[in-house]
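Undergrad: Join the two chains into one complex using the hints; note that each chain is given alone, in its own frame.
Sequence order for the protein chains is S and Y.
Residues in the first sequence are numbered consecutively from 1, following this note's numbering.
Residues in the second sequence are numbered consecutively from 1, following this note's numbering.
Note that these hints are calculated values from the structure, not bench results.
Remember, predicted model here, so these are calculated numbers, not experimental data.
Honestly, I wouldn't trust all of these hints.
Using C-beta positions, here's what the derived DEER-type ranges look like [said to hold, decoys possible]:
no.	chain 1	residue 1	chain 2	residue 2	range
1	Y	D188	S	T148	41 to 51 Å
2	Y	P8	S	L108	25 to 35 Å
3	S	Q27	Y	G284	47 to 57 Å
4	S	A106	Y	P702	24 to 34 Å
5	Y	D667	S	Q134	34 to 44 Å
Every residue gets a Cβ at the ideal spot worked out from N, C-alpha and C, and that includes glycine.
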Amino acid sequence: MRAAVIVFPGSNCDRDLRVAFERAGAQVSMVWHKDTELPAGVDMVAIPGGFSFGDYLRCGAIAANSPICRSVVAHAERGGHVLGICNGFQVLTETGLLPGALMRNAGLKFICHNSELRVETTDSPYTAGYAKGQVIDIPVAHHDGNYTAAPEVVERLQGEDRVAFTYCDNPNGSVADIAGILSENRRVLGMMPHPERAADAGHGGTDGAALFDSVVGQMALA
Amino acid sequence: MQDPAITPDLIAAHGLSDEEYDRLLGIIGREPTFTELGIFSAMWNEHCSYKSSRKWLRTLPTDGPQVICGPGENAGVVDIGDGQAVVFKMESHNHPSYIEPYQGAATGVGGILRDVFTMGARPIAAMNSLSFGSPDHPKTRQLVHGVVEGIGGYGNCFGVPTVGGEVRFHTAYDGNCLVNAFAAGLADTDKIFYSAASGVGMPVVYLGAKTGRDGVGGATMASAEFDETIEEKRPTVQVGDPFTEKRLMEATLELMATGAVISIQDMGAAGLTCSAVEMGDKGGLGVQLNLDEVPCREQAMTAYEMMLSESQERMLMVLRPEKEAEARAVFEKWDLDFAIVGETIPEDRFLIMQGNSIKADIPLKALAENAPEYDRPWEAADTPEPLGEVPAIDPIDGLRALLGSANYSSRQWIYEQYDTQVMADTARGPGAGAGLVRVHGTDKLLAFTADVTPRYVRANPHEGGAQAVAEAYRNLSALGAKPLASTDCLNFGNPEKPGIMGQFVGAIKGIGAACAALDMPIVSGNVSLYNETDGTGILPTPTIGAVGLIDHADHAITGTARDGHVALLLGPVGSHLGQSALLSEVFNREEGDAPHVDLDLERRNGEFIRDNHALIRACTDLGDGGLALAAFELAEAAQTGVHLDSDDMHALFGEDQARYLVACNFDQAEALMIAAGQAGVQIHSVGKFGGDTVRFGASEAPLAELSDTFRRSFPDAFA
Chain S
1 MRAAVIVFPG SNCDRDLRVA FERAGAQVSM VWHKDTELPA GVDMVAIPGG
51 FSFGDYLRCG AIAANSPICR SVVAHAERGG HVLGICNGFQ VLTETGLLPG
101 ALMRNAGLKF ICHNSELRVE TTDSPYTAGY AKGQVIDIPV AHHDGNYTAA
151 PEVVERLQGE DRVAFTYCDN PNGSVADIAG ILSENRRVLG MMPHPERAAD
201 AGHGGTDGAA LFDSVVGQMA LA
Chain Y
1 MQDPAITPDL IAAHGLSDEE YDRLLGIIGR EPTFTELGIF SAMWNEHCSY
51 KSSRKWLRTL PTDGPQVICG PGENAGVVDI GDGQAVVFKM ESHNHPSYIE
101 PYQGAATGVG GILRDVFTMG ARPIAAMNSL SFGSPDHPKT RQLVHGVVEG
151 IGGYGNCFGV PTVGGEVRFH TAYDGNCLVN AFAAGLADTD KIFYSAASGV
201 GMPVVYLGAK TGRDGVGGAT MASAEFDETI EEKRPTVQVG DPFTEKRLME
251 ATLELMATGA VISIQDMGAA GLTCSAVEMG DKGGLGVQLN LDEVPCREQA
301 MTAYEMMLSE SQERMLMVLR PEKEAEARAV FEKWDLDFAI VGETIPEDRF
351 LIMQGNSIKA DIPLKALAEN APEYDRPWEA ADTPEPLGEV PAIDPIDGLR
401 ALLGSANYSS RQWIYEQYDT QVMADTARGP GAGAGLVRVH GTDKLLAFTA
451 DVTPRYVRAN PHEGGAQAVA EAYRNLSALG AKPLASTDCL NFGNPEKPGI
501 MGQFVGAIKG IGAACAALDM PIVSGNVSLY NETDGTGILP TPTIGAVGLI
551 DHADHAITGT ARDGHVALLL GPVGSHLGQS ALLSEVFNRE EGDAPHVDLD
601 LERRNGEFIR DNHALIRACT DLGDGGLALA AFELAEAAQT GVHLDSDDMH
651 ALFGEDQARY LVACNFDQAE ALMIAAGQAG VQIHSVGKFG GDTVRFGASE
701 APLAELSDTF RRSFPDAFA
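Bound-form chain Y, shown alone (with noise of 0.2 Å):
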């Protein structure tokens, strides 16, 4: 087949810049063949080269002693003691998810496992936050089945259990969802394998499923906005094939276990292009690559459509030579394919043959480091009007506005759709904030959260960036656990409007903040760009996913309220209504500034927390429908009434930061009480557990009443 003449029309449909083609001119000295143009979009568009958000992802705080290895490598390693490591990432899956919502999903699922198993870690736990449309939008419920039944359909098959997450529905939502996914797993500290090739003239092999023409160009597609001709672009989404990635895992764990491994790589977006320059990149050599060799499933397929598939469940690899027998043998136990496709060379060059001829020859480093890097304009948020008047109301009806929607209603109906326990080690599934998983065989206890709030972040970047770190932070530590580290999936609008890369900046610099004054640093994550359609852009989405340490299951709270308990409130009374969720559901506005989060407060209420867990019996931060709606999640969670002292709005509804909800006996809380005074922590008694009704002052329902709108609106709605 004759390759395609390089034109004005091509270069543009490659999603490359008149600047950006002068670049490369620059490179390589010549004019491109077709797969040299394929290789550099691929290489430079937004999703591989960060190109607009680089300069500020350099401000975030990646480093502390518990860091092994932050942002660079397929996934961050952090350090759990006892010669272990949690191996962790996030990254989204919005544009093909939107497309082809099962096989968008899972291959969101997929990629991210083999990011975690690629570093030497077995996974442990998924979690994953999602954002749909309006659940009127007519597309949404389409989007919700889709989605849920492509996570469950990989996680579960791979058999990963799905510890927690969040949903979210907003109108912004309906022309780009957001599918964000996060995988854990587990290390030896001195088993971790890296990308970065070394040893001149070694074996580079290829290991897993077979190439196929699936998602070639997907990454560049995910690096445009949408619009009418979107049903044009179901091709380049993959397909996934979870029972392919189980046996990829196993057997790449088992090759790690033989020494043959000098660097590994996954393919993932960009596939052969992408891990073969970033093995060569990190390793300071070249890479020669010889097509004849990569397996494949169709027939005839050029360089161009090789080197820019995004079929799933393929690694690459460079080998110890004198192991390759070995290596070989453990691929074909698990019927997976195992080809040697090229070799390191000493010259800077990225060389992919086919049949007799030279399809590329490319500047390996300046294809890698030359990409464009843009600091583009941007323009600060303008600051909130303050909320206005809000009219009064019943306090119940306002708790019952809230488990009647599709935000806040009981997401039983979706996370039974996944697989929360297979490994047999999970201590608390989804359902109840953050996750919990046994470190297996010990007694120490990982916990997982996943947390953003949008309309804060709409309405403050800064703050709102700043209270996804927060929230997180609290989530870990209802649970007793120690925050370790976090991930960050930052899903924006188009970086080319001032005020949307605005308020990407705002939220760097708030996540920034509040990482390093939470000592929660970013070790690994994504950025998602152009979620929009037609020109409308999503909610500023930036996703912080966590990971936190409990080190012996008794120091965890994972208990339940009971009769007679004491409702205690940790941290200030609630007083601010602007951009929360009763003011959304309820009043259909969205208004006011987003609370603002003091991080010297999260940190110390946080760490007297963990220091307390003793004397706590169940825990929940307060975050959306603050005080009324944590005391409800804990009263209904233990099929237990509750009675809070006040009516007022405010404290009932506020959103304020930094607070937690305890449930305990009157000793305990006797001693909390003391504990807080000597700490100079705010504590207040604000009700009690038991009964059969949730009473807010004088106003009050059944609990059953409540705990069945709760859970039946979101089955109603959308089963």
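Chain S extracted, bound-state conformation (with noise of 0.2 Å):
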């Protein structure tokens, strides 16, 4: 399985997910923001966390105007993979590539945990290597994390099993409680918490390795 992991300026996550990916058996290459391709044969895309242009303007906002990410979105319409953690779920939904968008905490600090996340579905590639209602141990790290949608859009996520994880104790004022959603053909998922950073034992924590193993796994076999 290839990964790209899309580096901007101020992404700050990029090496953490390129770890977490290659632990998981991928292939992965580091892309350039400036760039206006997708390597070749890339499987799947993920967009890292960090501070993309500074989060100046609207976080996330400049970085889903990059060249790269033209090419990104094409990924998805194709019907590729694409993962946004934090900052990238953020430029996911400055995108249009999933709904909604990411408000300041409503405690108006940063703030940065391990939070306790309910998996709400395991019908994605990345959820499967769970169990539905499993209670998992991820850190959170963000100061805009508080996910806001029109009503209408909460219920059709929830109707059609797009919310990917919910917090067990909300820590920003999302709405319903969301912490990660799927796509409509549920191979987009963008989520605020960080499995990349609960993958392995140094962690003090590896509730986050199952999603990266579950869709490396999957794709390997498809």
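TA: Here is the structure:
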């Protein structure tokens, strides 16, 4: 399985994401935001956390207009897989690949701590390795993780089983405790928490490893 | 614009004494231009020249087989084996943070990160040591919010994990908060970059962000006391841009890999002036700068402003000319400025051109090396009066009072605002002694701690100075780490007062003795003097940052106590209540002597912990609050109760040094007792972990209640 991690100026979880994918057995290439094409044969595009373009203007808004993002959107539209974590989730909502927006945390402060998530669906390549309703411990680290969408959008996400994860103890005010959502075809996942920070024993927790193992394993078979 | 005439008032406003101005005249042999006056002021202020402290700094131990580069460069470099080095330093940003807390603290973090990556190291860990005024003081809450947000705002965006630090409150900081920022990075030992220029006619290149008028005169501001005119100093505080800093780091590290860099220096205090002079001086060369080429973000900047600007996120480099195209491409990729602004010259001159005129022409070596140096008169601190009678108190009430105080409650509200895990190598973040970070891609770990107990230093500068080093040593040892080296950030009041200078001298002697005995040489650091407002100084606060190495993750002591574990006290039973946390927080008394530091005992006990890591499940050092607070902290982290046999106030709250509390099972405890007997180390079984209460002798309270107090006091007071 071949993954491409997009690097924007200000991305700072790009290496972490690469390590997590490589650990799960993927071949990873790093792709600069000014590039216009993804490397040939890429199965999965991953957009890392950080502060792309300093989070100036609006988190993810400038990155969403980077040259490479046209190729990322085209990849998704062809049915390709895209994973956006933290700032990557913000970028995905800004590109329109996922609905809704990430607003400033309800408490107005940056928050970084471990957070219990409930796995809401196992019907996706990312969550197939978990059990439905399983509670997993994954770190959050963000200032703008307050997921917001119109009531009918939230209803639709829930109705179509597209809420991947919810917070057990909502840290940021997200509507319906939403921590991560899937696209209609279930191949695009955006989530605020950082599974790559809970992916090996040295992290003090490994609940995030199953996400990478699952998606890499499924795509290797496909 | 016409430069102002050089008048006695103008000279005084630049912080130069009559004697210093005479020295200036002796060097250049004529009246200086306005730009030259600014340059001398920038180079000779206390902040940049260390004129009051240099004599004493020279006495500190700075060498050791592990030291690759000691003080004098941007940061210290220490060997960690396998061809890698840890590069680190701690620096103060006190004055700016008090004037403008968010930007002051943010640029403090930015400055220290730049010091680290300028050496060729990628930053992997940050810490901070913060001292604020009384929690009741009207300014304190605003400073806490601003400083914490500033540190988080910069470090989080840049992408370095904040893994440790300390926060204290004391009325002596009401008019001067302290913000000490630490950063450490990782580099290959054969790819360290230094600041000494070499080669004549080599291009001097300006890198990074554009120059503005922010921070003009900042270093001079930071070398003076505060008074009621403080609001007027706000324009001397710089504005930080962590996004640019992140790009600057990536571009700089990429540039270094191309082999284009001869020497490099970050622009920190006194910006272009200090960086250019340092590179020339260390290389025995002159430097010519053409200011018309300096990228500016404001129009019509004068030579004076450009030379003194402290705009952030800038570097100066001497380039291999044949690599220019390659180097320029790297900076263009990252959308950063890259401009050749001058060259190295053979003669001993610092020559500043703008338009077609000479704005400054100074003998460079004399500017750098003939800075004034003072042997300030000093008076040793009085021997403290012995501590008088301390009334008896229920020990659980004593603990409850500490847990409910601003000083000893949980700092979770603060450190949750910092990204503690970015880079995905954090093995232990803030909140429990030293922070722990993996050496990426290896089984090794680096431990980081920052420590000082200013009450002790005021009571007894020598013992207090030694204690800061000893506590750092213990915090590293408690994790099983071998202490490697230290950095010091020495915050004091006005050195022209013999009493303050006496605190400084005493603390340096104590630090020096402890660093030598514990084999933790000082490899970098800074001095911040004049931390006074309206003539009242801070508590003497020599913060020690220290780094330790664990050669394999299996040797780290990072477990938690468990139900049924034995509580073992390593070291003497507590007896010393002078200057203790209990005395200060419960009785509002800061009396008596500081605890004595026995450096041989520190070393023996620290080595015992490391040698016996396999028998230890959890460990913490004993510091403020003694055995009682240490036992609570181990219990709270494990969410299990603890019962200590003693109810004696001295045994529970005494702050005697060289002590650790260990949690382990019964068999391990037996083995530890035997090992301690053989090693000649004092060890006592003092109780056990388990249940759901905290009990000292016959006095007890539910853990849940104490835990709630511990966790809620801080946000209740400050959120």
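Undergrad: Against the structure, test the hints numbered earlier, and report the numbers of the ones violated in rising order.
TA: 2
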